[in-house]
Structure formats: C-alpha cells, structure tokens
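Top to bottom, those sequences are chains A and B. Numbering-wise, the working numbering comes out as the position in the first sequence, counting from 1, plus 37. Numbering-wise, the working numbering comes out as the position in the second sequence, counting from 1, plus 83.
FYI, nobody ran anything at the bench for these hints, they're computed from the structure. Hints are not guaranteed to be accurate.
Capping the alpha-carbon separation at 25 Å, the derived lysine-lysine pairs in DSS-like fashion look like this [to be verified]:
id, chain 1, residue 1, chain 2, residue 2
1, A, K206, A, K145
2, A, K46, A, K145
3, A, K46, A, K143
4, A, K145, A, K49
5, A, K145, B, K92
6, A, K145, A, K207
7, B, K170, B, K150
8, A, K206, B, K92
9, B, K142, B, K170
10, A, K207, B, K179
11, A, K207, A, K49
12, B, K179, B, K150
13, B, K137, B, K165
14, B, K92, A, K140
15, B, K92, A, K143
What the simulated footprint calls covered on chain A by chain B, stretch by stretch (three residues with Cβ under 8 Å from a Cβ of chain B suffice, anywhere in the stretch; the number is not a length) [stated by the list, open to error]:
id, segment
16, 116-125
17, 135-144
18, 148-155
19, 160-171
20, 184-194
21, 199-208
Not close to chain B: a few residues of chain A, all C-beta gaps over 10 Å, as computed [said to hold, decoys possible]:
id, residue
22, K46
23, L74
24, P99
Using N, Cα and C, we set each Cβ at its ideal position, and we do this for glycine too.
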Amino acid sequence: MTKKNNKSKTLKITTAGLLSAVAIALAFTERAAVSLLPLPPGIRPGFSNIVVMLACAFVSFPCALAIALIKSGFVFLVSGGVSGFLSISGGLLSVCVTALLIKISKNKLSYFGISVLGAVAHNIGQLIGASLTVGSTLYLSYAPVLIISGVIFGAVTGIIFNCLAPALKKHFI
Amino acid sequence: MKNEHSFIKPRAGDIIIVCVLLVISIVIAAINGGNKKNAVAIIMVEGNTEQTIKLSDVKEPYSITTKNGVVLYVEKNAISVKSSPCKGQDCVHCGKLTLPGDIAVCAPLRTAVQIKGIKDGVPDAISY
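Using the sequences and the hints, build the whole thing.
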C-alpha cells in the first residue's frame, strides 16, 4: 500500500516536473521569437498556457499551480523581480480561472472558450500586478489592448489544445 | 474526468465569451478616450504624479528626465520615452503617445506616462 502511494506520489512529481520543463521551454522560445514580431509592448502569445490547460484538464489543479509557480521562478531568474511578480500574478489568476471553468462549465464552453478566458485572466492578472508595482491605476487604460490580445492568442492556444487534447488524454488518464 | 471530450466540441458559449470581451474592451477604450486637441500627459513616478503637461501648448520639442532617470521627449500633441535605464526597454518601444488612453509603463522603475483627454479645461477621470 505504501509502495503504491509512493509510486503515485513519484508519478505526480515527475509529471509536474516534465510539464514545467515543457512550459519553460515554450516560454523561453516564445521570448526569443516575440522580439521578431511587431507586437505591442508587454504582449506575449502565451503558448505555455497550453501546458497549464493540459495540467488543469488531465492532471490536477495542484500540478497546474506548481507549473505556474515554477515558470514564474524561471522568469524571476531570467528577467528579475518585477517580471517574476508580473508572471506570478498573471499565472495564478489564469490557473484559477482555467481550473474553475473546467470544473463548472461542462457543455457550456469548449477548450477554445476556456483558453480565451484563461489568456485574458493572465493578462488582467499581469495588469493588476503592474498597477500595484507602478502604484497607479493609470495602467488600467491598457486593458483593451490586453483583453483583445488575450482573445486572439487565447483562441490560437485553444485551437492548438483542441487538436492535441484527444491524443494527450490517452497519456494522462 | 469522464467528460473531457465534451470540451472539444465548440459551444455557443465560446462565441458569447469572445463577443462580451470585445464589447468590454471597446467600452473601456471609449471611456479612456477624449479630446485629442486638449490632451494632457501625466507622468507618474512611484505612484505620485511628478508632472502634468498640456501637449497642445507645447511650442518647441524638449526632453525631460524623471527623478529615476527615464528620459521623455515632449513635442506638440505627443510624448515618448526616449531612453530608460531599465532592462526590458518595453517603455521605449511604446513609441509616440498621441491619443487619450495611450500609455507607456516602465514597471521596473515604477514609472508611467499616460495621455488623458480633457473636457472644458478639466481632465476627466483622473485620480490624483
């Protein structure tokens, strides 16, 4: 019984570790690629949200939370404290919204809609984080740009996740 | 965990969510808009308003430096971040701010520059 529990615990830790590594690799690649695209300041496609959605849908909420925290830790090390704080504020809100929607929105939303709302939540979380950092609500006027970019990139990641979901499900369930 | 495939099929809720989000962003943009001719630039450093400049009154372009080293270039009806000692340089990449609602933020240095529209000589919805 103890051996079985240990095995299950080990599997959870290794799954979280593997998915975190994939999320960091996606974030790092995206970081390099985004400098070549004419995007507004502070806008990122957020492809690592695919991994967070995967964890929320097929693994567990604590695993998704761990991925968001580990990814923020990576951003903290690479880009400094403020960027790390913005990453964690966006990541936590995004994970909570995604997990909640997967739990409550059966037959009302697909992964597409959940991904869009998760991406917008990520951007809004970062906006709140930035407003706290700068000490001003002026930054909230940037909300339309962040909401629209969240809708666009959330739709893209949602479509990708919709295509991957049937194959991924076999490995995680 | 039994109904994961139910999330793959598109739902009407997806379209409703996208439409609602787009409407929200248009409403926020409209609220933040204003009269371009009477626009003011608000420079905020560490949560305090350091300077307010009425951009239509600017005759000759000039540069100003905030107390934390961010250099701003002020010209008629426009303001931009010329240089910043921060690492990311996102604020510099914001380019020229000309319309009410335009904003450049340097989060690491806790500095923000925003254009606000004013009505009848009074800035609308500014909390300072």
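Against the structure, the hints:
1. Proposed proximity of K206(A) and K145(A) is supported: the alpha carbons are some 20 Å apart, at most 25 Å.
2. In summary, the hint linking K46(A) to K145(A) is not supported, as the alpha carbons are separated by about 33 Å, beyond the 25 Å threshold.
3. Proposed proximity of K46(A) and K143(A) is contradicted: the alpha carbons are some 29 Å apart, above 25 Å.
4. The suggested pairing of K145(A) with K49(A) is violated, with an alpha-carbon distance near 30 Å, which exceeds 25 Å.
5. The straight-line distance between the Cα atoms of K145(A) and K92(B) is roughly 10 Å, inside the 25 Å bound, and the hint therefore holds.
6. Our distance criterion of 25 Å between C-alpha atoms is met by K145(A) and K207(A), whose separation comes to about 24 Å.
7. Only pairs whose Cα atoms come within 25 Å are accepted, and K170(B) paired with K150(B) is accepted, the gap being roughly 17 Å.
8. A threshold of 25 Å between alpha carbons decides the hint, and for K206(A) with K92(B) the separation of about 15 Å falls inside it, so the pair holds.
9. Our distance criterion of 25 Å between C-alpha atoms is broken by K142(B) and K170(B), whose separation comes to about 33 Å.
10. Straight-line distance between C-alpha atoms of K207(A) and K179(B) comes to about 51 Å, which puts the hinted pair past the 25 Å bound.
11. For the given pair, K207(A) sits about 16 Å from K49(A) by alpha-carbon distance, which is consistent with the 25 Å threshold.
12. The straight-line distance between the Cα atoms of K179(B) and K150(B) is roughly 21 Å, inside the 25 Å bound, and the hint therefore holds.
13. A hinted pair counts as satisfied when its Cα atoms are at most 25 Å apart, and K137(B) with K165(B) qualifies at roughly 19 Å.
14. The hinted pair formed by K92(B) and K140(A) meets the criterion: a straight-line CA distance of about 16 Å does not exceed 25 Å.
15. At roughly 11 Å between alpha-carbon atoms, K92(B) and K143(A) fall within 25 Å of each other, so this suggested pair holds.
16. Counting residues of the segment 116-125 of chain A whose CB falls under 8 Å from any CB of chain B gives 5; the rule of at least 3 is met.
17. As drawn, the segment 135-144 of chain A meets chain B at 4 residues by the rule of a beta-carbon pair under 8 Å; at three or more, the given contact holds.
18. Proximity of the segment 148-155 of chain A to chain B, defined as three or more residues with a beta carbon under 8 Å from a beta carbon of that chain, is established by the 6 residues found.
19. Closer than 8 Å: that is the beta-carbon criterion, and the segment 160-171 of chain A has 3 residues meeting it against chain B, so the requirement of 3 holds.
20. With 5 residues bearing a CB less than 8 Å from a CB of chain B, the segment 184-194 of chain A meets the requirement of three and the coverage assertion stands.
21. Only when three residues or more bring their CB closer than 8 Å to a CB of chain B does the claim for the segment 199-208 of chain A stand; here the count is 4, and the claim holds.
22. No Cβ of chain B approaches the Cβ of K46(A) within 10 Å, the least distance being about 19 Å, so the stated non-interface status holds.
23. Residue placement check: L74(A) keeps its beta carbon more than 10 Å from all beta carbons of chain B (closest about 12 Å).
24. For P99(A), the shortest C-beta to C-beta distance to chain B comes to about 15 Å, beyond the 10 Å cut-off, and the non-interface label holds.
Consistency with the previously given hints fails for numbers 2, 3, 4, 9, 10, ordered from lowest to highest.
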